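Chemist: If you read the sequences in order, they're chains A and B. Residue numbers for the first sequence follow the numbering used here, beginning at 1 and rising by one. Residue numbers for the second sequence follow the numbering used here, beginning at 1 and rising by one.
Hints are not guaranteed to be accurate.
Unchecked claim - Derived lysine-lysine pairs resembling DSBU-like cross-links, with alpha carbons at most 35 angstroms apart: (1) B:K272 to B:K237; (2) B:K59 to B:K272; (3) A:K3 to B:K108; (4) A:K3 to B:K272; (5) B:K237 to B:K59.
Hints listed in this document are in silico derivations from the structure and should not be mistaken for laboratory results. Note that the structure is a prediction, hence the values are computed from the model and not measured.
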Amino acid sequence: MLKRVHFPTSALPYLLVAPQILITLVFFIWPASQAMYQSFLIEDAFGLGTEFVWFENFQILATDHHYLASFQRTAVFSLLVAALSMGFALILAGFAQRVVRGAMFYRTLLIWPYAVAPVLAGALWVFMFNPTLGIFPYFLEFAGITWNHYLSGPQAMGLVILAAAWKQVAYNFLFYLAAMQSIPNSVIEAAAIDGAGPARRFWTIIFPLISPTTFFLLVINMVYAFFETFGIIHAVTQGGPGTSTTILVYKVFNDGFVGLDLGGSAAQSVVLMVLVIAMTVVQFRFVERKVAY
Amino acid sequence: MVEHRPLTAFLTHLVLILGVFAIALPVWITFVASTHDELRMNQAPLPLWPGEYFLENMKQTLFGSGLSGTEQAPVWLMLLNSLAMALMISTGKIAISLLSAFAIVYFKFPFRMGFFWMIFITLMLPVEVRILPTFEVVANLGMLNSYWGLSIPLIASATATFMFRQVFLTVPDELLESARIDGAGPLRFFFDILLPLSRTNIAALFVILFIFGWNQYLWPLLITTDTSMTTIVMSIKQMLEAAEQSPQWNIIMTTALLAMIPPVFVVIAMQKLFVQGLTETDK
Chain A
1 MLKRVHFPTS
11 ALPYLLVAPQ
21 ILITLVFFIW
31 PASQAMYQSF
41 LIEDAFGLGT
51 EFVWFENFQI
61 LATDHHYLAS
71 FQRTAVFSLL
81 VAALSMGFAL
91 ILAGFAQRVV
101 RGAMFYRTLL
111 IWPYAVAPVL
121 AGALWVFMFN
131 PTLGIFPYFL
141 EFAGITWNHY
151 LSGPQAMGLV
161 ILAAAWKQVA
171 YNFLFYLAAM
181 QSIPNSVIEA
191 AAIDGAGPAR
201 RFWTIIFPLI
211 SPTTFFLLVI
221 NMVYAFFETF
231 GIIHAVTQGG
241 PGTSTTILVY
251 KVFNDGFVGL
261 DLGGSAAQSV
271 VLMVLVIAMT
281 VVQFRFVERK
291 VAY
Chain B
1 MVEHRPLTAF
11 LTHLVLILGV
21 FAIALPVWIT
31 FVASTHDELR
41 MNQAPLPLWP
51 GEYFLENMKQ
61 TLFGSGLSGT
71 EQAPVWLMLL
81 NSLAMALMIS
91 TGKIAISLLS
101 AFAIVYFKFP
111 FRMGFFWMIF
121 ITLMLPVEVR
131 ILPTFEVVAN
141 LGMLNSYWGL
151 SIPLIASATA
161 TFMFRQVFLT
171 VPDELLESAR
181 IDGAGPLRFF
191 FDILLPLSRT
201 NIAALFVILF
211 IFGWNQYLWP
221 LLITTDTSMT
231 TIVMSIKQML
241 EAAEQSPQWN
251 IIMTTALLAM
261 IPPVFVVIAM
271 QKLFVQGLTE
281 TDK
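The following block holds chain A by itself, in its conformation from the complex (with noise of 0.2 angstroms):
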């Protein structure tokens, strides 16, 4: 933690700090506490007074089952979103190992989507369902399936699961291979001379030691998926139709600028931030344990 040979105690250290402590309190603490006193407070009807009304918002929200639906809509979407990209990533990555020369190559060619932000991948998606334009409505219609995600919630939220999990591959796909080539070369041939063909060298060895990158990947790409689609939503069906999209992070920005609903969007935002919290805790105490020392 801290070096065995240190400078002496003096001022510097504090100004040092200084910055990096007064933006966490002006912009993190000090907002983050705000939002937990707003859940604590319900405004009347006209905006003139707030009432203290410890854990009542908290209540309406466990009760509320608009809520309660877009937790499960929340928990379906992230979960979806991590099997399907992780899923691409692992098939595609299975594959780059083997390649000798060249492996590089594809990397290249299946990391940029990384870069791409999630509202841009949001606008390149709904361009292509677009109902009246787009390609895929266009050959669909061939098979006898009319698209409108404006009108149909299950393709709506079909197209956000794909947008967001497109833009997620490459990040998958990277740290899937470099699992697979830490593999020791050694261990693979041992079971080629067995007489392992390549597909049962994959799940019978690869898989099974790589699985703590693939618990790693989960616990990333649900909080991806829980804060980082926000623009993707918002690009492609602001939460419709109805509120068949509107996924946890959706609700909050939604019910604090939209509705106005400043004690109930604050009581979510605290909900979100245990969420966060949690899942931080779980990733630490995984990378803790994978990383020899």
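Starting from the known structure of chain A, fit chain B onto it as the hints suggest.
Modeler: Showing chain B alone in chain A's frame:
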């Protein structure tokens, strides 16, 4: 590959090439849309092969009046705004994280661990979950519609501080001992020894943070109301809304292309640093 089987080798490349195409498809369609004129882009089925209006669309998007029927800043100004925001966020984060990591690793002072935990907490709070109160703070400080408001609330970073802490911990103690024997003070040691030693880490982090900064969406959307402060990434959403009245998909998609070229170029051109930065910051 362990054994030599031409058929599996062929299959391997086939799957990978199909994967590359599947991943590239949305961007290909965007690119094609940016090479046709407005008329062609309003007839289904849309083209899958580039046309010849690319330069014209680029010119109209960058320097023209933008979409008809909307009030928007010119796209070149949005690109500049995005660049300014991305650079301020990335350099700001790196600077304050370097300083605080240096203090935490090389000094023993009261409340050291308190500061460390305070920084650690920021790791846990993405902007999305505390937007409303943070917005109020920025509004009260009069930082709406300014570069400072766009960047400063985002530059406190636990990940960067953590990363530099790890880097500094691997620096041998003998370096500090000899520097002190030679009479170097803390700042001299920081600038002449620590900074040069962590050069590649700084560069790797810069690549990641530049992308992070460039791709900010919700925050700029909230705190900029003045059209001259719009960033390119947030303009896409306004254009999609405007598309319902005036579907100039060629212009919208050219703008989308312009918005993703800088960060994608950074990833491809500095791939090694990008991979290093990505794997380091997440541990």
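Chemist: All the hints need checking, so say for each whether the structure fits it.
Modeler: Outcome of the hint check:
no., hint, verdict
1, B:K272 to B:K237, "holds (32 angstroms)"
2, B:K59 to B:K272, "holds (33 angstroms)"
3, A:K3 to B:K108, "holds (9 angstroms)"
4, A:K3 to B:K272, "holds (30 angstroms)"
5, B:K237 to B:K59, "holds (21 angstroms)"
In summary, the structure agrees with every hint in the numbered list given earlier.
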